[in-house]
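Heads up: the protein sequence lines correspond to chains P and X, in order.
Position 126 of the first sequence, counting from 1, maps to 126 under my numbering, and the rest follow consecutively.
Position 266 of the second sequence, counting from 1, maps to 266 under my numbering, and the rest follow consecutively.
Mixed in with the good hints there might be a few duds.
It does not matter which identical chain is meant; a pair holds if it fits inside one copy or across any two.
[Unchecked claim] With a straight-line cut-off of 30 Å between C-alpha atoms, the simulated DSS-like cross-links for lysine-lysine are:
(1) K151 <-> K129
(2) K284 <-> K221
(3) K329 <-> K145
(4) K202 <-> K75
(5) K96 <-> K284
(6) K38 <-> K303
(7) K351 <-> K221
(8) K93 <-> K221
(9) K96 <-> K129
(10) K5 <-> K96
(11) K96 <-> K145
(12) K96 <-> K311
(13) K269 <-> K308
(14) K221 <-> K269
(15) K145 <-> K93
Worth flagging that the hints you see were computed from the coordinates, not collected in a lab.
There are 2 protein chains.
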Amino acid sequence: MIIQKTSNSRIGEFDPENIGFGTAFIDHMIVCEYENGKWGEVRLMPYGPLPFTPAMMGVNYGQACFEGMKAYKDKDGEVYLFRPEKNFERINKSAKRLAMPEITEEMFIGGLKALVDMDRNWIPYGEGKSLYIRPLIFATEEALKARIANKYMFAIVATPVQSYYTEPVSVKISDFYSRAASGGVGSAKAAGNYAASFYPTKLAAEEGYEQIIWTDDATHKYFEESGTMNVFVRINDTIYTPPTSEKILDGVTRDSFLQLAKHRGIDVKVEPVEVAKVLEAHSKEELIEVWGVGTAVVTSVFKAIGYKDQKLTLPELSEEESFALTLKKALVDIQTNKAEDPFGWRVKVEKHILETA
Amino acid sequence: MIIQKTSNSRIGEFDPENIGFGTAFIDHMIVCEYENGKWGEVRLMPYGPLPFTPAMMGVNYGQACFEGMKAYKDKDGEVYLFRPEKNFERINKSAKRLAMPEITEEMFIGGLKALVDMDRNWIPYGEGKSLYIRPLIFATEEALKARIANKYMFAIVATPVQSYYTEPVSVKISDFYSRAASGGVGSAKAAGNYAASFYPTKLAAEEGYEQIIWTDDATHKYFEESGTMNVFVRINDTIYTPPTSEKILDGVTRDSFLQLAKHRGIDVKVEPVEVAKVLEAHSKEELIEVWGVGTAVVTSVFKAIGYKDQKLTLPELSEEESFALTLKKALVDIQTNKAEDPFGWRVKVEKHILETA
Ligand SMILES: Cc1ncc(COP(=O)(O)O)c(C=O)c1O
Ligand SMILES: Cc1ncc(COP(=O)(O)O)c(C=O)c1O
Numbered sequence: 001m002i003i004q005k006t007s008n009s010r011i012g013e014f015d016p017e018n019i020g021f022g023t024a025f026i027d028h029m030i031v032c033e034y035e036n037g038k039w040g041e042v043r044l045m046p047y048g049p050l051p052f053t054p055a056m057m058g059v060n061y062g063q064a065c066f067e068g069m070k071a072y073k074d075k076d077g078e079v080y081l082f083r084p085e086k087n088f089e090r091i092n093k094s095a096k097r098l099a100m101p102e103i104t105e106e107m108f109i110g111g112l113k114a115l116v117d118m119d120r121n122w123i124p125y126g127e128g129k130s131l132y133i134r135p136l137i138f139a140t141e142e143a144l145k146a147r148i149a150n151k152y153m154f155a156i157v158a159t160p161v162q163s164y165y166t167e168p169v170s171v172k173i174s175d176f177y178s179r180a181a182s183g184g185v186g187s188a189k190a191a192g193n194y195a196a197s198f199y200p201t202k203l204a205a206e207e208g209y210e211q212i213i214w215t216d217d218a219t220h221k222y223f224e225e226s227g228t229m230n231v232f233v234r235i236n237d238t239i240y241t242p243p244t245s246e247k248i249l250d251g252v253t254r255d256s257f258l259q260l261a262k263h264r265g266i267d268v269k270v271e272p273v274e275v276a277k278v279l280e281a282h283s284k285e286e287l288i289e290v291w292g293v294g295t296a297v298v299t300s301v302f303k304a305i306g307y308k309d310q311k312l313t314l315p316e317l318s319e320e321e322s323f324a325l326t327l328k329k330a331l332v333d334i335q336t337n338k339a340e341d342p343f344g345w346r347v348k349v350e351k352h353i354l355e356t357a
Numbered sequence: 001m002i003i004q005k006t007s008n009s010r011i012g013e014f015d016p017e018n019i020g021f022g023t024a025f026i027d028h029m030i031v032c033e034y035e036n037g038k039w040g041e042v043r044l045m046p047y048g049p050l051p052f053t054p055a056m057m058g059v060n061y062g063q064a065c066f067e068g069m070k071a072y073k074d075k076d077g078e079v080y081l082f083r084p085e086k087n088f089e090r091i092n093k094s095a096k097r098l099a100m101p102e103i104t105e106e107m108f109i110g111g112l113k114a115l116v117d118m119d120r121n122w123i124p125y126g127e128g129k130s131l132y133i134r135p136l137i138f139a140t141e142e143a144l145k146a147r148i149a150n151k152y153m154f155a156i157v158a159t160p161v162q163s164y165y166t167e168p169v170s171v172k173i174s175d176f177y178s179r180a181a182s183g184g185v186g187s188a189k190a191a192g193n194y195a196a197s198f199y200p201t202k203l204a205a206e207e208g209y210e211q212i213i214w215t216d217d218a219t220h221k222y223f224e225e226s227g228t229m230n231v232f233v234r235i236n237d238t239i240y241t242p243p244t245s246e247k248i249l250d251g252v253t254r255d256s257f258l259q260l261a262k263h264r265g266i267d268v269k270v271e272p273v274e275v276a277k278v279l280e281a282h283s284k285e286e287l288i289e290v291w292g293v294g295t296a297v298v299t300s301v302f303k304a305i306g307y308k309d310q311k312l313t314l315p316e317l318s319e320e321e322s323f324a325l326t327l328k329k330a331l332v333d334i335q336t337n338k339a340e341d342p343f344g345w346r347v348k349v350e351k352h353i354l355e356t357a
């Protein structure tokens with residue numbers, strides 16, 4: 001690894017009590033370039049602009065995929081990643097589906113640890129606070145032909161974040177727009193999937209909904225995901241979530257929720273979730289909770305669900321009654337080293353990795 | 001418009017007899033930035049790198065769309081664009097679907113004409129030669145939250161091209177992968193659509209096919225497009241092409257072919273094209289031609305079509321017998337000012353636009 005430390009740290013301007021989301025970047029970033037069929041050496045360097053022309057294939061043809069993960073600080077100032085090997089596997093799955101070169105574990109895990117260690121002072125401590133980390137791969141070759149690129153960049157950038165207490169939101173079940181095609185790229189964290197979701201989400205917002213529950217594009221009869229989260233439904237005391245497929249992202253939070261729920265003896269069913277079944281459960285007052293899960297907010301609880309002209313209201317539950325909130329707390333406690341980690345999910349970031357390497 | 005002429009022209013290195021595709025860029029480019037809810041002034045400046053960080057939203061969330069068009073030189077050295085208002089309409093349609101700001105006609109058409117005029121010496125003359133022009137809009141804001149960006153760049157870059165004589169190709173009818181979801185972004189020239197198509201195309205190439213005929217993602221029973229082209233099928237003496245929809249790009253070449261065919265009294269049907277109907281026509285020896293159309297190669301003639309384990313061979317036709325080649329010639333003759341233009345499609349690029357403006 002080539003190390004180029006900043007001589008101009010911006011940490012003095014950083015106020016951990018006053019954090020936005022995703023706009024103040026830590027001092028350094030990881031960069032690695034692919035050319036002539038192979039990845040070069042990983043560089044840890046000051047965060048900042050690099051020279052790219054508008055002919056860069058990444059913005060022309062969308063050959064770009066990313067990951068989203070966090071580093072957490074505990075009360076003693078120790079720093080942890082959460083299941084980083086899952087994100088490593090997933091970025092390579094995404095890269096493969098987009099015909100991009102896969103990266104090595106050393107680039108990904110090694111790069112992550114070096115960056116997080118170097119800028120550990122940027123990681124805020126306290127409830128809901130963490131360092132949001134964005135590994136990404138994108139095509140950098142300049143060419144105007146729609147074909148697989150020959151040059152890429154792998155980068156890791158990061159920003160301190162705070163999830164403020166998130167109010168329950170209203171979500172709309174999509175009956176026209178969709179996120180993923182059968183035989184498409186829905187299970188990849190492909191850049192283009194996100195841009196495609198913005199306009200439908202904006203339309204939903206105009207109707208008073210914060211998010212969309214995406215349904216299958218062919219029939220709109222089955223739940224897929226919610227916003228940029230996996231979706232869970234609780235009917236009576238059973239939790240349902242759709243199986244992952246080539247249309248549904250294999251979320252790390254989803255998998256962790258499933259394991260935590262089983263561990264606690266909650267009845268969990270991974271099976272297709274029919275819109276009609278959810279509506280019917282609601283009419284019988286058996287629909288107890290619906291929520292989304294993902295790295296950014298961990299859990300987003302839904303207070304109302306829109307479907308065509310109806311708006312179904314969901315019961316307000318206390319933290320003890322709510323599976324969503326109970327599981328959220330259990331997960332966050334593991335992530336932030338407030339609880340035992342029976343699953344071996346936490347990965348400690350050792351200090352002075354680069355000096356001792 | 002702010003004009004910044006290069007003091008370092010690269011045209012001396014440019015050999016119009018020896019042109020690649022899409023890797024040598026003309027001296028200048030157009031750039032215009034969007035911030036605080038509005039577009040700034042258009043700049044014509046030397047082609048080259050600009051500073052962007054890996055946190056640029058365009059590569060993270062794929063908020064990026066583009067156009068592809070050409071400028072042609074005639075024997076007297078006059079330069080023409082082809083139906084540029086169609087590309088202008090379409091880039092704004094794409095921008096809208098991706099929740100990006102639309103651009104003005106002055107930015108698009110004015111920018112195009114100024115750039116093409118300034119670098120008119122880069123436009124090669126001769127059969128199949130032209131200047132390929134790439135207008136694009138992409139999100140430039142640095143932020144790690146999946147939301148509509150607040151900063152964008154509109155740019156136009158261009159490269160001299162030559163379509164060498166293109167051999168007829170073999171294409172594979174997709175029965176698993178797909179290009180577009182119902183309620184998705186297939187009708188937009190969204191960056192992400194292209195990346196999504198590379199891996200399936202690579203798999204098809206491994207089976208000996210140059211392109212894929214994309215079918216509807218739900219049933220794979222209907223033709224949609226072919227590669228990055230619209231698709232035409234000729235059964236006996238009738239031409240079929242699927243209607244445009246939210247899944248199919250509204251191609252300028254497609255529309256021009258339809259108008260030219262009608263003008264010549266060819267029987268044209270714009271209706272869903274069923275895979276089964278094409279196979280049946282082939283078994284009755286009534287399937288005469290299948291081809292793709294788009295700006296880059298104008299027409300790509302198919303010599304064989306793969307479907308599951310079958311490979312259907314198509315007849316070899318002379319230029320006179322082939323509707324694909326007859327219509328291609330008619331179109332190219334209009335584009336390059338070798339024929340009358342009854343449709344008013346050619347738009348001349350006047351000289352010294354900037355001096356006289
Ligand atoms: C589309 C989509 N679904 C689900 C998720 C949740 O995945 P994870 O729990 O790994 O963050 C994400 C990412 O956050 C996502 O982008
Ligand atoms: C997906 C797709 N279909 C069709 C076309 C053909 O459109 P046009 O004739 O406007 O070039 C293109 C662009 O070239 C395309 O990208």
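Need the list of violated hint numbers for this structure, in ascending order. Numbers 4, 5, 6, 7, 9, 10 - these are the hints that the structure violates, sorted from lowest upward.
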